[in-house]
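> Put chain B on the given structure of chain A with help from the hints.
So the protein lines, in turn, are chains A and B.
110 is the number that this note's numbering gives to position 110 of the first sequence; each next residue is one higher, with no gaps.
124 is the number that this note's numbering gives to position 124 of the second sequence; each next residue is one higher, with no gaps.
Just so you know, the hints here were simulated from the structure itself, not pulled from any lab data.
Bear in mind that the values here come from a model prediction, so they are computed numbers and not experimental data.
Where hints are given, some of them may not hold.
List time: in silico BS3-like cross-link candidates among lysine-lysine, alpha-carbon distance up to 27 Å [to be verified]:
no., chain 1, residue 1, chain 2, residue 2
1, A, 21, A, 80
2, B, 49, A, 24
3, B, 171, B, 148
4, B, 49, B, 142
5, A, 162, A, 129
6, A, 24, B, 142
7, A, 80, B, 2
8, A, 162, A, 80
9, B, 2, B, 49
10, B, 154, B, 171
11, B, 171, B, 142
12, A, 80, B, 49
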Amino acid sequence: MGDVELIGDEEVEVVATLNGKPLKRRAKARQHLADFLRQELELTGTHLGCEHGICGACTVLIDGRTARGCLTLTAQISGKSVETIEGLSDNGRLAELQQEFIARNAAQCGFCSSGMLLTAYELVQGGEKLSRSEIREHISGNMCRCTGYHAIVDAIEAVLAKGLR
Amino acid sequence: MKARNFRYVRPASLQEAYRMLAEAGGEAVPIAGGQSLLAGLNMRLSSPKVLVDIGNLAELTGQSYADGMVRLGALTRHRDLLSSAIVRAHLPLLAEAAPHIGHIAIRNRGTIGGSLAYADPAAELPACAVALGATLVLGSAKGERQVKAEDFFKGLFETDLRAGELIVEVKFPEVPTGTSTGFAELSRRHGDFALVGVAALAILRAGDIESARIVYFGCVDRARVAVSVSAALSGVAVPLEDASPYAAAIRNDVKPDDTPGLRADTKLHMATVLTRRVLNSMVE
Numbered sequence: 001m002g003d004v005e006l007i008g009d010e011e012v013e014v015v016a017t018l019n020g021k022p023l024k025r026r027a028k029a030r031q032h033l034a035d036f037l038r039q040e041l042e043l044t045g046t047h048l049g050c051e052h053g054i055c056g057a058c059t060v061l062i063d064g065r066t067a068r069g070c071l072t073l074t075a076q077i078s079g080k081s082v083e084t085i086e087g088l089s090d091n092g093r094l095a096e097l098q099q100e101f102i103a104r105n106a107a108q109c110g111f112c113s114s115g116m117l118l119t120a121y122e123l124v125q126g127g128e129k130l131s132r133s134e135i136r137e138h139i140s141g142n143m144c145r146c147t148g149y150h151a152i153v154d155a156i157e158a159v160l161a162k163g164l165r
Numbered sequence: 001m002k003a004r005n006f007r008y009v010r011p012a013s014l015q016e017a018y019r020m021l022a023e024a025g026g027e028a029v030p031i032a033g034g035q036s037l038l039a040g041l042n043m044r045l046s047s048p049k050v051l052v053d054i055g056n057l058a059e060l061t062g063q064s065y066a067d068g069m070v071r072l073g074a075l076t077r078h079r080d081l082l083s084s085a086i087v088r089a090h091l092p093l094l095a096e097a098a099p100h101i102g103h104i105a106i107r108n109r110g111t112i113g114g115s116l117a118y119a120d121p122a123a124e125l126p127a128c129a130v131a132l133g134a135t136l137v138l139g140s141a142k143g144e145r146q147v148k149a150e151d152f153f154k155g156l157f158e159t160d161l162r163a164g165e166l167i168v169e170v171k172f173p174e175v176p177t178g179t180s181t182g183f184a185e186l187s188r189r190h191g192d193f194a195l196v197g198v199a200a201l202a203i204l205r206a207g208d209i210e211s212a213r214i215v216y217f218g219c220v221d222r223a224r225v226a227v228s229v230s231a232a233l234s235g236v237a238v239p240l241e242d243a244s245p246y247a248a249a250i251r252n253d254v255k256p257d258d259t260p261g262l263r264a265d266t267k268l269h270m271a272t273v274l275t276r277r278v279l280n281s282m283v284e
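The shape of chain B in the complex, shown without the other chains:
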């Protein structure tokens, strides 16, 4: 199908983008890589009146590391997560997740800001941002504000972004020494949307999990910390032999729906198995 008609504007600076977004009220949507947005427009799932192309704004690019904080500009493309030395050194979770985001042509265009703003519950980066305790810097004509990733995702494709606002950059605290990260995803084909995925942080000491922070995607409505599973894992010996330490807890965090071809209890089972696999992969 073809997209509905819209106006396309290309601001020359971030300030101009803010002004254009403000003037159009709630009718404008920023476009960066467009890898989710354009599929939605082609299928007429959405029909904004104005697209503000922020894809060439230098203010939204770049990656840096200083004082224990990694900053990724909103236009950081998925392929950059694989090639960036800063990401590899300080945020290996993102480098591990990136190959699972779509296919190469999608990773060449799609951006971290776009993925977070779209808030697809099956997307990798929202889950990683929550697991890593990231903070999003949001900008508009009214100025900037910062929102923690765990407060940003409000529901299915729903975020804290207000009309006229866009994501400027994402700040990730460096993963402390002694904390391991892990990532795993099940999909029907590599590069397809996740059926079930797990992003995990854990402090492992002397064969025990001291503390864990688990975030699911694909089988939940939004990226958020799986508090029950995370708490249940504390003090548990690794490698895990079975799922018994968290099998009851996971029912509080993962409440999937039946979808065509996949029953809710299958998804729950897959999430349960994947949790153990991820944690055991982190023991080394």
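Excised from the complex, chain A in its bound form:
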């Protein structure tokens, strides 16, 4: 490598699993996962807010755990399994969360909803009995400027209660 001179965008090959299907693409080295999903794959369900890890709008699941799409390079997902809101919408637990969100008006403008749902999905997958303050702490990395969070906590609580029955 020696003296590194970079002209034009560096590219890398990405081989991963996306929403259960194999993905093999060339991607810009500097492109983060949220931009890759939105601009290259037109999966615009993953939103992009602050772009430095604060707002949580770009949340995706990597190997089943929530991650910031803006703080993950596309290149870093090679060999991993990524799930976005598009891939999980037909899945039982997430569909149940979506129904409860709708029932309680926990999604208003919708900007935070995909990230919020995936964060909630990770939480309900754990299947633990949780207090409202524990639910609040779990979603504390996802900002919502519409609901004041109460309705979102209600919706998650409702899904957790169903699972524990």
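For chain B alone, coordinates are given in the frame of chain A:
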């Protein structure tokens, strides 16, 4: 904003990573979880020419305990600090600190090696590493060397790491029986950067502090032992009723600057109050 262009390489082994880092001279930066690095790249606070992805190297993973020493691989994620039985049993300070590191999605990705290498003065783990007397194992193409945490942090975002070097693992001596640990942090919102934080070790005997080792974060430029406060606390009765035993000493250890929305004397006051709270929480 978007990161500047860089080359991304993914070594298959630690030796290959060392070679890649050495070949790129000072132009390469290792990336593991990337939870601080990528925010900085997106905001163009830094623009390395090469990123060496060490995030999948098995040599940097794992947690073990043997002969009074806990070893945490550099890729130990913050979430692992909460789930690891070894950490819970031998280093409860780290388990207590971990929930304060960012939010869940950050803890799923961020690593202990990354946090120590980044050396954010508001970060929890550098302060805990210094308080616990940890030793960092640093590796490069030239071999390995060990540096004590208290010698590793040199200043604001500045460490003893040399070009081509990365953190391999962190060794923590087990906290001896009879020594208590405590942790507290004040931030505007849970998960935000600490305004003021304290990591503490103390030997408490018969209602007195025999000795204490206090490390502040958030209100100092780097993680280091607060020597004046630690000395002033020796022989003091607990629970503390007020801050008088160390109120003068803390001015030697904590010299905060005014920042937007928070005056230096407010930070000093918060550090003073938090110190008493942490020590009193350790009396049980």
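> Would you mind marking each hint as holding or not holding in the structure?
Hint check results:
For the hint linking residue 21 of chain A to residue 80 of chain A, the alpha-carbon distance of about 12 Å falls within 27 Å, and the restraint holds. The hinted pair formed by residue 49 of chain B and residue 24 of chain A meets the criterion: a straight-line CA distance of about 25 Å does not exceed 27 Å. About 9 Å separates the Cα atoms of residue 171 of chain B and residue 148 of chain B, which keeps this hinted pair within 27 Å; it holds. Distance check on the hinted pair: residue 49 of chain B and residue 142 of chain B sit about 22 Å apart at the alpha-carbon level, within 27 Å; holds.
For a cut-off of 27 Å, the pair hint linking residue 162 of chain A to residue 129 of chain A stands: about 11 Å separates their Cα positions. Proposed proximity of residue 24 of chain A and residue 142 of chain B is contradicted: the alpha carbons are some 37 Å apart, above 27 Å. Restraint check for residue 80 of chain A and residue 2 of chain B: the C-alpha separation of about 23 Å stays at or below 27 Å, so the hint holds. Proposed proximity of residue 162 of chain A and residue 80 of chain A is contradicted: the alpha carbons are some 31 Å apart, above 27 Å.
This hinted pair checks out: residue 2 of chain B and residue 49 of chain B have alpha carbons roughly 15 Å apart, not beyond 27 Å. Using a Cα cut-off of 27 Å, the hinted pair residue 154 of chain B and residue 171 of chain B holds, with the two alpha carbons roughly 19 Å apart. Taking the CA atoms of residue 171 of chain B and residue 142 of chain B, the gap is near 21 Å; set against the 27 Å cutoff, the hint holds. The straight-line distance between the Cα atoms of residue 80 of chain A and residue 49 of chain B is roughly 25 Å, inside the 27 Å bound, and the hint therefore holds.
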